[in-house]
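Number of protein chains: 2
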Amino acid sequence: MSDCHAASQAERKSVIYVTISPTDSDVFYPTLDLCTSCGHGHKLEENHEYIYKDEVDDDLICHICLQPLIRPLDTPCGHTYCQECLTNFLLESDFCPVCRTPLMLQSCRKPSLLVHKLLDKLTVACPFNEFCMETLPRGEMEDHIKGR
Amino acid sequence: MSDCHAASQAERKSVIYVTISPTDSDVFYPTLDLCTSCGHGHKLEENHEYIYKDEVDDDLICHICLQPLIRPLDTPCGHTYCQECLTNFLLESDFCPVCRTPLMLQSCRKPSLLVHKLLDKLTVACPFNEFCMETLPRGEMEDHIKGR
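Chains as they are written, first to last, in the numbering used here: chain R, 1 to 148; chain Z, 1 to 148.
Next comes chain R alone, as it looks inside the complex (with noise of 0.2 Å):
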């Protein structure tokens, strides 16, 4: 078992707890336990969060979360958003966001390998920096997590 994965299992047994207000200052809620993909405390409607270690191209950034595409998916007029990302802006919108081309959800569809390949290949560092200094790439992080 490596470090990390010791690292992940111990984390992932306990739940990350924070104050909610200064008048219950001594009182902590349970809130978010650690994603087995990413190894961050998102949420489940959020993205994976990974600490990046090189420049990413900028034609590899969300236009709505200015952070490296996750779970890409193309819109019909050729641009390309987070899923989670373009989901949640048209809860409330119905164009694109850069072009403000009328857009529907059920239209955009994942880019070809090529680009999942790209953002597969961007290196970041494992979460677990306390016990893992290692760096990977992004497309590995789910199995350094689990430890395979």
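Careful: at least some of the hints might be erroneous.
You can't tell identical chains apart in this list, so a pair holds if it fits in one copy or across any two.
[Unchecked claim] Below 35 Å or equal to it, Euclidean Cα-Cα: the simulated DSBU-like pairs (lysine-lysine) are: (1) K117 x K53; (2) K146 x K53; (3) K43 x K117; (4) K43 x K146; (5) K146 x K121.
Since the hints were made in silico from the structure, they are not lab data.
Chain R is fixed; fit chain Z onto it per the hints.
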């Protein structure tokens, strides 16, 4: 007028000649004029040609011609090829060259702007390198040749 533009104009006024056979060694036939997009002497139904100055990411390479993608087309099975390469391949085949999924040209479509932008950014050398030592993004080559 740039040096390159002058050179380009001079080159384009002439027609390239080749010897057709040893028996007709003193007879020359016109074959190819120079392409106004890439500056090379390829046939209309062939891909543009470029002199790449940096290593190109493997994922931007066409699996048919093994060169950086030109006018890319995505297949429904997720692969991407040059339009010319795929069109020629499908004249005699009816499957994807990589995964062999049944394939028709009509079911393919252009990738998103993201892919076109990545390809347009590839650094290439001016083909008129006897007169012009410039390197530039591939997407600017046509304007460079026109001397805009």
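Against the structure, the hints:
no.	hint	in the structure
1	K117 x K53	both (17 Å within a copy, 23 Å between copies)
2	K146 x K53	within (21 Å within a copy, 40 Å between copies)
3	K43 x K117	both (25 Å within a copy, 32 Å between copies)
4	K43 x K146	within (19 Å within a copy, 53 Å between copies)
5	K146 x K121	within (19 Å within a copy, 37 Å between copies)
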